[in-house]
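Could you build the full structure based on these sequences and the hints that come with them?
Those protein sequences? They're chains C and B, same order as listed. Each residue of the first sequence is one higher than the last, beginning at 190 in this note's numbering. Each residue of the second sequence is one higher than the last, beginning at 49 in this note's numbering.
Derived from the structure by calculation, the hints contain no laboratory data. One should not assume that every hint holds.
Said to hold, decoys possible - To be clear about the criterion: a stretch of chain B counts as covered by chain C if any three or more of its residues have a C-beta under 8 Å from a C-beta of chain C, and this derived list gives those stretches:
1. 167-179
2. 215-225
Unchecked claim - Facing chain C, a subset of chain B residues (Cβ under 10 Å, in silico):
3. 99
4. 189
5. 207
6. 232
Unchecked claim - Computed, partial: chain C to chain B, Cβ under 7 Å:
7. 208
8. 240
9. 378
10. 382
11. 577
12. 581
13. 584
14. 589
15. 592
16. 593
17. 595
18. 602
19. 610
20. 614
21. 617
Note that beta-carbon positions come from the ideal geometry of N, C-alpha and C, so glycine has one too.
Chain by chain, the residues run as shown.
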Amino acid sequence: MLEDIAIGITLFATWQNVVAIAGGVVIGVIIGAIPGMGAAMAVALALPFTFYMDPITGILMLTGIYKGTYYGGSASAILINTPGTPAAACTTLDGYPLARKGEARRALDIALYASCVADFLSNLSLILFAGVIAGFALRFGPPEFFALVVFSMTIIAGVSGDSLMKGIAAAALGFLAATVGQDLFYGSPRLTFDSSNLLGGLSFVPVLIGLFAIPQILDQFNRRLLVTEKIATTAKAIGATFADFRYCLPSIIRGSVIGVILGAIPGIGGAPAAFLSYSEARRTSARRENFGKGELEGVAASEAGNNGVCGATLIPLLSLGVPGDIVTAVLLGAFMIHGLQPGPLMFHQNIHLIYAIFAGLLLSTVVLYIAGKIAIRLLSRIVDIPDNLIFPSVLVLCFFGAYVVNGSSFDVLIMIIAGLVGYLMLKTGLPTAPFLIAFVLGPLFEDNLRRSLLMSGGDLGIFVRGPITWFFLALTILTVVSIGRRSWQDFRKQRLAAAEKPG
Amino acid sequence: MKSTMSNSGPGPEGRMSGNESRSDRVFRRNLIIGMTLVFLGALFLLIIIPIGIKVPGHLPKAATSPAMWPQAAPPQAAAALLLAAGLILTAFVLTDRYLKGPTPGARPEPLIGNWRLVAGVLIMFVCWGLIPILGLPAVSALALAGFGYLMGTSRPWLLGVLAVVLPAVLYAFFTWAANVPVPLGLFLE
Numbered sequence: 190m191l192e193d194i195a196i197g198i199t200l201f202a203t204w205q206n207v208v209a210i211a212g213g214v215v216i217g218v219i220i221g222a223i224p225g226m227g228a229a230m231a232v233a234l235a236l237p238f239t240f241y242m243d244p245i246t247g248i249l250m251l252t253g254i255y256k257g258t259y260y261g262g263s264a265s266a267i268l269i270n271t272p273g274t275p276a277a278a279c280t281t282l283d284g285y286p287l288a289r290k291g292e293a294r295r296a297l298d299i300a301l302y303a304s305c306v307a308d309f310l311s312n313l314s315l316i317l318f319a320g321v322i323a324g325f326a327l328r329f330g331p332p333e334f335f336a337l338v339v340f341s342m343t344i345i346a347g348v349s350g351d352s353l354m355k356g357i358a359a360a361a362l363g364f365l366a367a368t369v370g371q372d373l374f375y376g377s378p379r380l381t382f383d384s385s386n387l388l389g390g391l392s393f394v395p396v397l398i399g400l401f402a403i404p405q406i407l408d409q410f411n412r413r414l415l416v417t418e419k420i421a422t423t424a425k426a427i428g429a430t431f432a433d434f435r436y437c438l439p440s441i442i443r444g445s446v447i448g449v450i451l452g453a454i455p456g457i458g459g460a461p462a463a464f465l466s467y468s469e470a471r472r473t474s475a476r477r478e479n480f481g482k483g484e485l486e487g488v489a490a491s492e493a494g495n496n497g498v499c500g501a502t503l504i505p506l507l508s509l510g511v512p513g514d515i516v517t518a519v520l521l522g523a524f525m526i527h528g529l530q531p532g533p534l535m536f537h538q539n540i541h542l543i544y545a546i547f548a549g550l551l552l553s554t555v556v557l558y559i560a561g562k563i564a565i566r567l568l569s570r571i572v573d574i575p576d577n578l579i580f581p582s583v584l585v586l587c588f589f590g591a592y593v594v595n596g597s598s599f600d601v602l603i604m605i606i607a608g609l610v611g612y613l614m615l616k617t618g619l620p621t622a623p624f625l626i627a628f629v630l631g632p633l634f635e636d637n638l639r640r641s642l643l644m645s646g647g648d649l650g651i652f653v654r655g656p657i658t659w660f661f662l663a664l665t666i667l668t669v670v671s672i673g674r675r676s677w678q679d680f681r682k683q684r685l686a687a688a689e690k691p692g
Numbered sequence: 049m050k051s052t053m054s055n056s057g058p059g060p061e062g063r064m065s066g067n068e069s070r071s072d073r074v075f076r077r078n079l080i081i082g083m084t085l086v087f088l089g090a091l092f093l094l095i096i097i098p099i100g101i102k103v104p105g106h107l108p109k110a111a112t113s114p115a116m117w118p119q120a121a122p123p124q125a126a127a128a129l130l131l132a133a134g135l136i137l138t139a140f141v142l143t144d145r146y147l148k149g150p151t152p153g154a155r156p157e158p159l160i161g162n163w164r165l166v167a168g169v170l171i172m173f174v175c176w177g178l179i180p181i182l183g184l185p186a187v188s189a190l191a192l193a194g195f196g197y198l199m200g201t202s203r204p205w206l207l208g209v210l211a212v213v214l215p216a217v218l219y220a221f222f223t224w225a226a227n228v229p230v231p232l233g234l235f236l237e
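In structure tokens:
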């Protein structure tokens, strides 16, 4: 085995491979920072360039791009409140408030540290536990997925702000928005009203951009000192300290583990991992009430969950030959173009190549750290630009970002309408985060619910069929009971205070 | 469970005269939000979903129907949830008012701050409408210039340069680097 590892490292240790992975990460960070350009698009665009490369070089370049885009997405989420992907949307919840408080550099730093730690742990899990995790992931059927999604949704209570009812109402609206399009099973139209543009459903990216970026731009018109007002810059040069990192470390490690487990399950992706990690960090944090208002731990947890997925999505790909998402499907294509077939046989026939890829993945974490540090120096200067130049520029990015996802101007209209809805929500105190969570998790919820019921012939007993569903449903019940108890206590306190009020 | 808006609360202004009317406005605003949610929930449940969701005939199991009612959740349950949340919110707003009376110092946020906001929204819609005619780069340049002007830029020349350079750079990136076609409208020639 040691001999195989040595041969693998020798295969990897060429300047072409190092340049490929470094170039891939840098390209990924840049592309990820552009709204609308997600990992799938970036990897798909780079695929043709790898045709003439050595298999290891090509695959390492693509994985570098994949990892880079995941981190790059956090930059636009933190700095301009424009998440390019659903996974990065969770980072905006605390990242942008931190940027508005003049702590953009700190938020970007902690996002980078969390990303690197999560990426490293994810790679390590891939190398050490691929077989075990793949086996566990295969035990996830629709009922288990459903139980997991239900548990992930308990975070809605945590991000509802002052009013739980407003949060639930916003989530219900998000669910309704997620049902637009063709029915998942029958292909019959739902809430499309004969518009062919709506048959594919509401695209994630235009809705995300509209919901988060446009309300902030429009809200500028309500501020009086347009010319002089800008993001507080007094603390912009102060990055995250070691104490910050140490404080966030438990959430980072927890988020990484969540990312690894969810990443190994085909079809889940980064968004649920980011939300679940965020939810767990909030539940266990001593500064729980600060979440959503600019809490560093929130950024760290979200990014750890998000990036923990990266290496782990390669587990089912390499060990079983099953792509977990669009990006790994493109990577599967890259393997096949080079005459390689990922799966159990690959570990016997091309073990040297596997070890070479593992070595490259470990290096990619170091490259990500260096590229991220350089990017932060450049990107954090964005906060120096006056509001009356930065917000119109962000609007242009929104127009392009919404358009390029599907090459459709209808998506620009969706973005504008989502922006107006987001603005109304901002002004009426309806929180946007529950809307977003329901919109992202809604299709997963419905799809797995209906698959499960189809499997069982309508018998609800399928949702308690095994230890995994029991585990997640028990966690859900515990969380709901805890939320209910806390809400009741708050309610009683209010009533007592009202009763004691003189007069 | 709080049912008042986050911007309400006692403060120095709370002792000033005229607070009653501000508090009344907050109360009215929250009441309107609650009632609007009830209305929206009912609208979806009774009109939009029955009209907008086509249920194919001869389904093998009701559990797999696109309408999913009553066996499982979305989308009717989402509408029912909206209705319920609106009802509870309205109830809380009313009971809060009954028990606590007006909240001192409460101030509702203006929905439409000024004419600039309306103009900004109009610019976005007009720009969207102009995409097939002028193309995305030109429309983006117009939007950037319009928003920059409305936000009261002190450096119009810089705004002008930015309005040309930024859409051009994005166009070049998406067209040549990312290979994503961007519409040019009349400028296609």
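The hints, checked one at a time:
no. : hint    : verdict
1   : 167-179 : holds (count 7)
2   : 215-225 : holds (count 4)
3   : 99      : holds (8 Å)
4   : 189     : holds (8 Å)
5   : 207     : holds (7 Å)
6   : 232     : violated (12 Å)
7   : 208     : violated (19 Å)
8   : 240     : violated (15 Å)
9   : 378     : holds (6 Å)
10  : 382     : holds (6 Å)
11  : 577     : holds (4 Å)
12  : 581     : holds (4 Å)
13  : 584     : holds (6 Å)
14  : 589     : holds (5 Å)
15  : 592     : holds (6 Å)
16  : 593     : holds (5 Å)
17  : 595     : violated (10 Å)
18  : 602     : holds (5 Å)
19  : 610     : violated (12 Å)
20  : 614     : violated (10 Å)
21  : 617     : holds (5 Å)
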